[in-house]
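Letter by letter, the chains look like this.
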Amino acid sequence: MPKRLKIDFGAITDNNVEMLRKVNAACFPISYNDNFYKDVVARKNEGLNKFAYFGGFVIGAVCTRLEPLPGDESRKRLYIMTLGVLAAYRGREVGTQLIESVLKYYEENKNDRFEEVDEIALHVQISNDDAIKFYTERFDFVRGDMVENYYRRIDPPHCYLLYKTLQ
Amino acid sequence: MSSQQANPQAGKGQPLPKKEGDLFKNLVKHYEAKQYKKAMKQADQILKKFPKHGETLAMKGLTLYYFSTDKHEEAHTLVKQGLTNDFGSHVCWHVYGLLHRADRNYGEAIKCYKQALRIDQENIQILRDLGLLQIQMRDLSGFVVTRNSILNQKPTLQPNWLAFMLAKQLLGQTEDALKVIDIYLETLKDGNNTSNDSIELLERNFAPSELQLYKSNLLLSLQEWEDALSHLKEMEHCIVDRGAYGWNTATCLFNMEKYDDCLVTLERLMKGGRMEDYALHAAYMCAYLMSKDTSNDAVKKWWPIPKASANYDGYCYKGMDTPATKFIMTEDQSKTLLELYQNDLLSQYPKSLATQRIPLTILWQLASSGTDEKAKEEWSGALDAYARKGLTKGVPSLGHDLSSLLLVESDNNQYQLAVDPSAVRNHAQYQQILKLLDDYITNLQEHSQLTSSNEGETKESPSTLFWAWYCRAGWYELSAQYSLALADMERCREHTPTAVDVYELEARILYKAGSLPKAIETMDKGRLLDLQDRYMNNQTTRYLLWNGQPKEALEKISMFLSQKEGPVQSLYDMQCSWYELELAACLERQGQYGRALKQYAAVLSHFDDIHEDQFDFHSYCIRKVTLRAYADVLEWEDVLWNQPFYRQAAEGTIRIYLHLHRNPPEELVEPDYSGMTAAEKKKAKAIARKKAAKKKKEAAAAAAEAQADNNTNDKSNKSNKKKLHPTEKDVEGKELLKKNALEECKKYSAILSKYAPTHLSTWLLQYDVSMERGAGKSLMALQALFKAKKVATKGHHPDVFSRILDFCSRPVPEDQPEVVQQVLREQIPILLDQASSVSDFVTSVAAEKEEQNCSMRLAVAKGLCLYAGKSPFEAAKFLVAGAQPDTVESCKEALRVLLEEWKVSDDSLISEWKRRVKDQFPLLDGF
Numbered sequence: 001m002p003k004r005l006k007i008d009f010g011a012i013t014d015n016n017v018e019m020l021r022k023v024n025a026a027c028f029p030i031s032y033n034d035n036f037y038k039d040v041v042a043r044k045n046e047g048l049n050k051f052a053y054f055g056g057f058v059i060g061a062v063c064t065r066l067e068p069l070p071g072d073e074s075r076k077r078l079y080i081m082t083l084g085v086l087a088a089y090r091g092r093e094v095g096t097q098l099i100e101s102v103l104k105y106y107e108e109n110k111n112d113r114f115e116e117v118d119e120i121a122l123h124v125q126i127s128n129d130d131a132i133k134f135y136t137e138r139f140d141f142v143r144g145d146m147v148e149n150y151y152r153r154i155d156p157p158h159c160y161l162l163y164k165t166l167q
Numbered sequence: 001m002s003s004q005q006a007n008p009q010a011g012k013g014q015p016l017p018k019k020e021g022d023l024f025k026n027l028v029k030h031y032e033a034k035q036y037k038k039a040m041k042q043a044d045q046i047l048k049k050f051p052k053h054g055e056t057l058a059m060k061g062l063t064l065y066y067f068s069t070d071k072h073e074e075a076h077t078l079v080k081q082g083l084t085n086d087f088g089s090h091v092c093w094h095v096y097g098l099l100h101r102a103d104r105n106y107g108e109a110i111k112c113y114k115q116a117l118r119i120d121q122e123n124i125q126i127l128r129d130l131g132l133l134q135i136q137m138r139d140l141s142g143f144v145v146t147r148n149s150i151l152n153q154k155p156t157l158q159p160n161w162l163a164f165m166l167a168k169q170l171l172g173q174t175e176d177a178l179k180v181i182d183i184y185l186e187t188l189k190d191g192n193n194t195s196n197d198s199i200e201l202l203e204r205n206f207a208p209s210e211l212q213l214y215k216s217n218l219l220l221s222l223q224e225w226e227d228a229l230s231h232l233k234e235m236e237h238c239i240v241d242r243g244a245y246g247w248n249t250a251t252c253l254f255n256m257e258k259y260d261d262c263l264v265t266l267e268r269l270m271k272g273g274r275m276e277d278y279a280l281h282a283a284y285m286c287a288y289l290m291s292k293d294t295s296n297d298a299v300k301k302w303w304p305i306p307k308a309s310a311n312y313d314g315y316c317y318k319g320m321d322t323p324a325t326k327f328i329m330t331e332d333q334s335k336t337l338l339e340l341y342q343n344d345l346l347s348q349y350p351k352s353l354a355t356q357r358i359p360l361t362i363l364w365q366l367a368s369s370g371t372d373e374k375a376k377e378e379w380s381g382a383l384d385a386y387a388r389k390g391l392t393k394g395v396p397s398l399g400h401d402l403s404s405l406l407l408v409e410s411d412n413n414q415y416q417l418a419v420d421p422s423a424v425r426n427h428a429q430y431q432q433i434l435k436l437l438d439d440y441i442t443n444l445q446e447h448s449q450l451t452s453s454n455e456g457e458t459k460e461s462p463s464t465l466f467w468a469w470y471c472r473a474g475w476y477e478l479s480a481q482y483s484l485a486l487a488d489m490e491r492c493r494e495h496t497p498t499a500v501d502v503y504e505l506e507a508r509i510l511y512k513a514g515s516l517p518k519a520i521e522t523m524d525k526g527r528l529l530d531l532q533d534r535y536m537n538n539q540t541t542r543y544l545l546w547n548g549q550p551k552e553a554l555e556k557i558s559m560f561l562s563q564k565e566g567p568v569q570s571l572y573d574m575q576c577s578w579y580e581l582e583l584a585a586c587l588e589r590q591g592q593y594g595r596a597l598k599q600y601a602a603v604l605s606h607f608d609d610i611h612e613d614q615f616d617f618h619s620y621c622i623r624k625v626t627l628r629a630y631a632d633v634l635e636w637e638d639v640l641w642n643q644p645f646y647r648q649a650a651e652g653t654i655r656i657y658l659h660l661h662r663n664p665p666e667e668l669v670e671p672d673y674s675g676m677t678a679a680e681k682k683k684a685k686a687i688a689r690k691k692a693a694k695k696k697k698e699a700a701a702a703a704a705e706a707q708a709d710n711n712t713n714d715k716s717n718k719s720n721k722k723k724l725h726p727t728e729k730d731v732e733g734k735e736l737l738k739k740n741a742l743e744e745c746k747k748y749s750a751i752l753s754k755y756a757p758t759h760l761s762t763w764l765l766q767y768d769v770s771m772e773r774g775a776g777k778s779l780m781a782l783q784a785l786f787k788a789k790k791v792a793t794k795g796h797h798p799d800v801f802s803r804i805l806d807f808c809s810r811p812v813p814e815d816q817p818e819v820v821q822q823v824l825r826e827q828i829p830i831l832l833d834q835a836s837s838v839s840d841f842v843t844s845v846a847a848e849k850e851e852q853n854c855s856m857r858l859a860v861a862k863g864l865c866l867y868a869g870k871s872p873f874e875a876a877k878f879l880v881a882g883a884q885p886d887t888v889e890s891c892k893e894a895l896r897v898l899l900e901e902w903k904v905s906d907d908s909l910i911s912e913w914k915r916r917v918k919d920q921f922p923l924l925d926g927f
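Those protein sequence lines, which keep their order, are chains A and B. Heads up: the first sequence begins at 1 in the working numbering, then just goes up one per residue. Heads up: the second sequence begins at 1 in the working numbering, then just goes up one per residue.
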């Protein structure tokens, strides 16, 4: 069995954003508010926000955004807001392919629109060993400081910042 | 209007002076160019000098008709005035005919044309117009005469020959049609013909190809196989439709018993890229079987024919049917065909889906009819391989595809699909496939493989398990095991909550299990997942209408409609009949009869339009020589009133008018004031007036609201005061309510009896309508009952049964002629299956079966109570003891009768019934 599931990517739009809600509801312990979804759709950037399709079904999604680099307002970072894959399709490198595609998109644009981008980062709950392993081992992210009481409704409420310097 | 303009007659034969004559010519010219304003000007100029000139008046009227839609009456007056002034003018008669034709009043138009032709026999324009109407009205013998005289006058024009030929064929005179075409082709060969639009015989082009194929079809329907074959060979060079050429050739060869040549022809068709055409496979199977064993005449009747009305032996296959799924074959035949596919066709066409699927059906037949163990094993293996392929690939229709193998032998030595859920559940292949799916699911859950322990096998992708559950849910749905189906749906939804397919199927099962609100909720969730999915949108709309939510339904469907015209208008303009019918039924259930009639009327008018649209084809198709397609269109239009949408609309219309006839709306009934004192009368009238005024006010408010509803998206319409769209006129259907209810019933019931005689509902309604028309129509009602009995075929049908009881329990009307009474006395025992009385009849039917479906059981129980002297309690016991829940509606009705009509107080009986219904429809409310 080839480990890697052959997936396609697709845009997140007004017409199918409900799928993103379903993926997130199935994957994350916290629920995102309407503004999150509105922003994702409004950004209209298929390079940074996308679905993973298998056999015609949406089975996962990644949502990222550009934001000012904390501490240096003139620079920017790519921030991974969510990365989710439906449980039944895990372990087949769907998440890997999603992150790879975002990184590839960065590589393709690093000399023009992503010129100011220094790093890619995300927050992860301190108990989420799988995710920490995924980013640090597979993509060489660095584990940063712990942020206390980052989450409000889940336990433990603390998280780490994971990041990777890009240029 | 071309030839008469040369010599316009100035009233009673007096020609107009030169100047006015020219003006008249211009008038006609402008009219033909649709420049109505200019035409009107010319007419007025002539009329200034000759105010009574008949032809000018008539032309002015006709122009006015098209110029301004709200002046149709004035137009009629003008034309009639013109005609009165100049009775002897063919122009006036012709114009009068054209006016009638514009009104779609074809019968009158034909009369006028004929009158015009009496004055000017050779007028080709009028003849042509007459011909168009005759073919439109299917006055075929008249059409032949008309086309004949046109041909005699202008034999150089090709369309005249073709139209005459077609006329002959439509009349059933195929041989004559063939002669006409031959004579025409002969004149071309002579080389005397110099006309430009004649067919270049040797040219390989569309028109000559169609003409030759048309001739070929004529020869086929005459079963002149040798002639047909030599004709095809001779004309091969100019026929461009290779498919039709091949099919006709193969049909000839098959009927000439030249099976090997036939196979060669069919192979050529296969190689031409038609491997997915199941009819072609059917043909190949027939020819192959005959080539192996020429003695088997039964196979000759298996040959696929393009339509059931074809004039030669064969069977008209539908969908993926072949002889293997339609006819019971001998073991030898099955084995011969299996070898053909496995050894020959599959290796030649390994990618063809049809070629892969057909051996499965042959094996199925071998396994299910024979006792051959090896065949059974082979069938199981083939089924397994086929199902796995579908699951791995994720074919949503796999379950439906496999369900086509749930066949049972019918009376006429053919196979037919098992439909009844209990028949499905007991079907051997149902069980077998269910077991297969169960095993797949267990294996997939345990080790992601379809087989139990084959280590070397590759793991399946995650979606395979999803599709296995999905397939099994559909399988349970077939056997009406809804709880099990819903459990699988739940698993699917947890596995892949983004799959729209799940929500669609789950909603359908929820609906079948008895909960429409839950079905709507689920369907809407699926719709939200992909707002561009039109099917999901329309299904949600449909469910909302079922649930009596027309406003919400309109909101949903509007998302896919043009916002410019307003949803109601664009639905009408697109002839969106399914929506209008569902809406009508919804309004009908809510008792909003006017609005419901309005919707039914919309659908009926679509069909009038479709019928009217034919007009364009009559001249166009002949000119373009699309003869075969044209003949198909004519045949289709002949059965237009048998189309399901038309029938639904007509049936709904009849139902509502029947109801209105039995329960006239209040405002139409004059209250009974007799027996009141003057003071009381005055008071009663005053109250009635007040009531009426209040009602009027409410209605006006409602109408205004509806108007506002309609116009929210189209403000401009209101301000411009444009012509009202059909959907904007009489929104409440008030005008329709005022019509004579019984007359409307008669009208539509007559149409259905004539055009849809094979449908049960036609005769049930015909019966109901006849009974409303009084004892004078007893024989009509009797005939309807016999027809209904015949259509319903197997056993008793509840709706027929209860009507038979109703009819036979009435005393024979003594005010009717002796003959009628005689017939009734003779026929009623036949209706009662020779039972001596209605009571005996009911009692014997009741004893026939221990168990039967709820609708029939209820009809029998009611009969026992009404006609056989049983008490309501006895009837109730009989009902509950033997009724199998079949539909949600009948189960609800049974409960209503138990509680409200029979007032059954025995709780154990009621709870027994509720329990049984709940078992079948787990989500049904009120049980």
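These are computed hints drawn from the structure, not numbers from a lab. Heads up, some of the hints might be wrong.
Estimated spans, in silico, between C-beta atoms of each pair [to be verified]: (1) Gly273/B x Tyr53/A: 29 to 35 Å; (2) Asp39/A x Lys37/B: 56 to 62 Å; (3) Tyr53/A x Met137/B: 42 to 48 Å; (4) Glu148/A x Val395/B: 38 to 44 Å; (5) Tyr53/A x Lys271/B: 32 to 38 Å.
Just so you know, these numbers come straight off a predicted model, no measurement behind them. Glycine is no exception: its CB is placed at the ideal position from the N, C-alpha and C atoms.
Results for each hint:
no.: 1; hint: Gly273/B x Tyr53/A: 29 to 35 Å; verdict: 31 Å, holds
no.: 2; hint: Asp39/A x Lys37/B: 56 to 62 Å; verdict: 59 Å, holds
no.: 3; hint: Tyr53/A x Met137/B: 42 to 48 Å; verdict: 57 Å, violated
no.: 4; hint: Glu148/A x Val395/B: 38 to 44 Å; verdict: 52 Å, violated
no.: 5; hint: Tyr53/A x Lys271/B: 32 to 38 Å; verdict: 37 Å, holds
The structure fails hints 3, 4 (numbered hints given earlier, in ascending order).
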